[in-house]
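Following the hints, complete the assembly by docking chains B and C onto the known chain A.
Residue-level listing of the chains:
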Amino acid sequence: MRLVLRGITKRFGSMVANDSISLTVEPGEIHCLLGENGAGKSTLMNVLYGLYKADEGEIELDGKVQHFTGPGDAMAAGIGMVHQHFMLIPVFTVAENVMLGNETTGFAGSLDLDAASARVTEISERFGFHVNPDSLVEDLPVGVQQRVEIIKALSRDAELLVFDEPTAVLTPQETDELMDIMRQLKEAGKAIVFITHKLREVRAVADRITVIRLGKVVGEADPKASNAELASMMVGRPVELVVHKDPPTLGDAAFVVKDLRVVDAAGHVHVNGLSFTIRAGEVLAVAGVQGNGQTELTEAILGLQDDVTGSITLDGVELVGRSTRKILDAGVGFIPEDRQVDGLVPGFTIAENLMLNRSFKSPFVKNGSLRLGALREFAQKKLTEYDVRARDIDALATNLSGGNQQKVVVARELSRDLRLLVAAQPTRGVDVGSIEFIHKQIVATRDSGIPVLVVSTELDEVVALADRIMVLYRGQVVGIVPADTPRETLGLMMTGERPKDLKDVVA
Amino acid sequence: MSDTDKPKQDDAPVGAPVDVADDSTADTRADAGADAGADREARSRSMLREIASGDALSGVLAVFLAVFVGSVMIAATDDGVRETLSYITARPSDFFSALWDAISGAYSAMFRGAVYNNLVTDPAQQWRPLTETLKFAGPLILGGLGVGLAFRAAMFNIGGRGQMLLAGGAAAWIGFRFDLPMIIHLPLAVLVGMLFGALWGGIAGLLKARTGAHEVIVTIMLNYVGYYLVFWALTKEWLLATPGSVNPKSPPMKDSAILPKVLGDRFNLHFGFIIALVAVAVVWWLLNRSTLGYRIRAVGENPNAARASGINVGRTYTVVMMLGGALLGLAGVNQVLGTVTSGVSVDIDAGIGFDAITVALLGRSRPLGILAAGILFGAFKAGGFTMQASENISVDLVLVVQSLIVLFLAAPPLVRAIFRLPAQEAK
Amino acid sequence: MSTTMDRPTPESGGLAPDDAVTPTRTAGRRKLPTILGVVTVLLGLRLLTTSRSGDTTFRLAVDSDFAKLPDAVLPSSATAWLMLVVCLALTAEAVRRMLARSRQPLWLPIVFALAWMIGFLSWEAAGSRISIVSLLAGAIALAIPLVFGALGGVLGERAGVVNIAIDGQLLFGAFAASITASLTGSPWAGLVAAMAAGALMALVLGLFAITYFVDQVIVGVVLNVLVVGLTNFLFRQVLTPNAESLNSPERMRGLPIPVLGDIPLIGPIFFRQPALVYVLYVIVALVAWSLYRTRWGLRVRAVGEHPKAADTVGIKVNRTRYRTILLAGAIAGLGGAYYSLVSVSGFNREMTGGAGYIALAAVIFGKWDPIRATLAALLFGFAQNLAGVLSSIGAQIPPQLLLSLPYVITIFAVAGLVGRSRPPAADGVAYRQQ
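Chains as they are written, first to last, in numbering that gives the first Met the number 0: chain A, 0 to 506; chain B, 0 to 426; chain C, 0 to 433.
Bound conformation, chain A alone (with noise of 0.2 Å):
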């Protein structure tokens, strides 16, 4: 099926995600959309599956030109997507996920469960994917979950796939199987949008490339071009990913933890065994796809896990077992991963915000009562010394942009009297300009001889910060190894394969 865009723009409020965009792709083509986080490409396609309105443009399929008014429309004219956030109902099992929407019926709308998992299974078998009709979704790993969004398209029988940054979730091997999967189903006919950030995988798979800058289709690239072009033209200037910093003046192991163990709620095991140490002055960065105990770790240290046991020590000092409010006190920074879930309150002021992790104590704090006076001067010092673009210090954290609300959440958690600063994707959906700042600030903390704990799911990042890299895998240290180890390896580690020569680096 060969699809045509035209004109697309789609507006929120003010703000023009996609402006006037167009695209065209062929059917047995793999074609990518590449883009920065933020770019409009997962805008652009929601517009093509009915999701959203365009408020300008057209969608055009074989030549007609189609008016979806929701995503019923587009898989009828045999659009299947693979959602970034899987479109799946835990409950169900994976033939009812498969089929809803899709049912086929018998006695008075009766659910024909028998063939609807034959359905899967004949999809199944026809591509390798090895799914079981019959099992729980929430009981399935992530990678399996993906395969059953692509047996979801093509049992209703989509010509034109669209993966929306599907590997985001996926280990390096599970990476690769997917792309093997999406050239399976290219060999089928069938057409793909792929959309990513990721460099690596658009020169393994594109037929061809379609470079997304803020809404706007900035042209289109060769698959074999390198690296660094692509990823000037997606940022729009050359990138700089080297973030400039003396070698490290190293002081005693400040911070020492050691055989963590992680259970969650419901018994599963999100970090086994782990130890290792940071000195004073050293950013340890740790390295790993999205989901292998990153996110535990760091509420372990914080109090915010529940059932932990080992040992942390930040001077001496035991932590597993404290309150997160006596962690805090005793000087660990944290820039949690999504501040919007646990970094600031929305409905906040920037200056009430400001205050968050000290409403217990001085300077803002006098029997009970609150120090307006002290925070306001506070707050209005922090907006110029951090370069938050904001009205005023009233303004409230939810009209902030990305990046300003994150210089707020690192405001709020450099000035204090930090031993230990923990950092989870800092950079997270934040602008290039206050990516520098932050990184800035961070290696400013490590130079004044804080220790640094950095998480990161960007390798670049981790890789630019660190003095030393740890890499997770399931829960467990694949490895702790120098800075400047290859990428390769690094890569290779983080699908929990130790190379054989390789050397921990001891702090």
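Careful, some of the hints might be misleading.
25 Å max Cα-Cα, derived DMTMM-like pairs, lysine to aspartate or glutamate [to be verified]: (1) Lys315/C <-> Glu137/A; (2) Lys315/C <-> Asp72/A; (3) Lys315/C <-> Glu59/A; (4) Lys502/A <-> Asp483/A; (5) Lys30/C <-> Asp306/A; (6) Lys248/B <-> Asp70/C; (7) Lys315/C <-> Glu102/A; (8) Lys315/C <-> Glu158/A; (9) Lys185/A <-> Glu124/A; (10) Lys366/C <-> Asp133/A; (11) Lys315/C <-> Asp503/A; (12) Lys185/A <-> Glu121/A; (13) Lys30/C <-> Asp175/A; (14) Lys248/B <-> Glu236/B; (15) Lys30/C <-> Glu59/A; (16) Lys502/A <-> Asp251/A; (17) Lys315/C <-> Asp156/A; (18) Lys315/C <-> Asp111/A; (19) Lys197/A <-> Glu336/A; (20) Lys315/C <-> Asp54/A; (21) Lys223/A <-> Glu176/A; (22) Lys30/C <-> Asp263/A; (23) Lys366/C <-> Asp263/A; (24) Lys366/C <-> Asp138/A; (25) Lys185/A <-> Asp175/A; (26) Lys360/A <-> Asp314/A.
Non-contacting residues of chain C with respect to chain A, defined by C-beta distances greater than 12 Å in every case (computed) [as the list claims (entries may be wrong)]: (27) Arg45; (28) Val85; (29) Leu285; (30) Arg300; (31) Thr311; (32) Gly345; (33) Ile370; (34) Leu400.
Since the hints were derived computationally from the structure, they do not count as laboratory data.
C-beta atoms are modelled at their ideal positions from N, C-alpha and C, and glycine is treated no differently.
Frame of chain A; chains B and C shown alone:
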């Protein structure tokens, strides 16, 4: 400086949930810039904050609309109106004058009952209705504060009835059982009442903190458990039963435990209203100037961020529900020791536990708003009884108007649609 | 490994437990033995701290029975102690199975409940007669509107709409049924009107909760107040002055089913009921079947669990929700008719007595499942009736204790102490399309 007293401009409707499965919009979110904030804001704002938003015009229109529906109900059930309707084509003027009589009669009776009575000559008695309004407003304000405080922590306290009953029962027990000097007796009865209210509310908070049990369900259930508990206590002489009586009603309060009258014995207005005013001031300070209030608001707006910042969310839930329960307990005490001192029974809450919810909603969970809403609904109540007595229109009309106000207020877009106003631009 | 599945976040309004506080783990395998143990201990304490003598007579037949079962006369004290021993044995068996990690069979709690109840009744009713038929038939009578309400509640919440206004739907249904049946002279027209009234309330709920995103709990609570005010107002202004023409419907009488109605014990309890009750039997079966076995049910559940996923496969989320709550409202409204057409003839102010809240409790205690919720409603009806029966024979158990039982066990249920009740994931969360 706090956000609490500033008018909010956006009109994102009440109850806007976090978008259920946000995030194929991650793209739009990430770069969005300040402008997309508005879009995101509309979606990610929690409902209890939404109560605080909306615009003044919609509020006025909501009240207007509710009163209009009330008028239709009065007219439709009025005999004169129906009679004249049968020959409306012949003599329309009869119909309209009957209509006018019915509606104006009802509302002027309400006014006479709630504010100023021009039918009596004694100047003091002319203003007596206003004192009645304030008397009715007292427990509504206290209850509204109790519910509103919980709203600010994103908790829904539907347990007003149970909290009032328990508190009323406990205060009554102190009030009729002991002979003490007033200076000890009255404060003791009030405090014990508050304590029991706090206890009953605290159960819901504690269960939410410890087990995640939703407070809506727990407080509803506790209403009935409290009801049967007090009912049972009213059958036991060592608790609340009146010796030698089969009526489920306690003995009357001792004089030393009765809230004194504010304006002398000619008026029913008692110190309960003063307590309510003090409570408004205390809750205002608590929410806007205290660290506890700051934490309550933080937990209400984003419990996850609060937790990651070292605030004990579970403890905050428990404390808020205890404070809310204590305030509703005060409303119960106000009934037992002030308004109906002849003894406690199972209907002592007089619907205030639920009215308090509407008061808190109309007052947008702000102490001063609750004060105003409480006085308005107190006036409805005082006026409603006069209306029933003089115009033979059921006082239940007030319930209808009250709930319609809250419903319309909750959905400004609906009100705008009804009046064919343009939908307000998302800023 | 954690999944990245996009579960809807519990937000205010939703009834799911809060993520920010730590839920205790489910009682799990220890659940049944614990409950049995506690309940056995309660009976044991009762037997140890009080004393009884004489016989207890259990009447198993009613006068109209075709074939009469004889009365069972049991020595009160001995029976109670014997049953206590049986309960202890069953508890021990449950503990053994827990330790052996084998499955707890269904017969175990059923036999336990029977033994416990026989022991308890023979103790408390020492020296008097208890009619088993009227005890159980009375329980059914009290439970019928609860079952209607609970089914309505289950349907709405499975589609993701919390309905606190069940009580309002019952009350409005009762009101509409009485007026319509009085005016038309046909109770069947009354039933139709009751359904329409319930559906109308559901429509209002939907308008605010689905279309205008108003918090569903708020709408529900306010709607209840609104209906109380409205029906009280109209009752006083219109029904009371015109009671003859507007509020004296024909009462629906029992309609014994041939053969089935003649079965001893079962017949008089289940099959000599008014037609409305037989309608209920059919509705329970239909709802239970269609929710799990039909396309409609699959879509309703999808919309309640993950509306966005449903949307992406072309299901109209809000349309599905509207349809479901309208149906749910009609069912709940039908239950209201039971009050004014069956229990008594005619409407009275606030005549549901808050039954809608018990129905809500049954929804939760029944874990959002139609059959379980029905059983929960029956259990709650039984507790209510038992309170009445016991106090009428002068037993020492305070009736208030039994009457508060439904509420107490619901609190235990939501707190996870007797097995956690988990609502549908998107329950109470409005769905917005971009």
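Checking against the hints above, which ones are violated? 6, 11, 13, 15, 29, 30, 31
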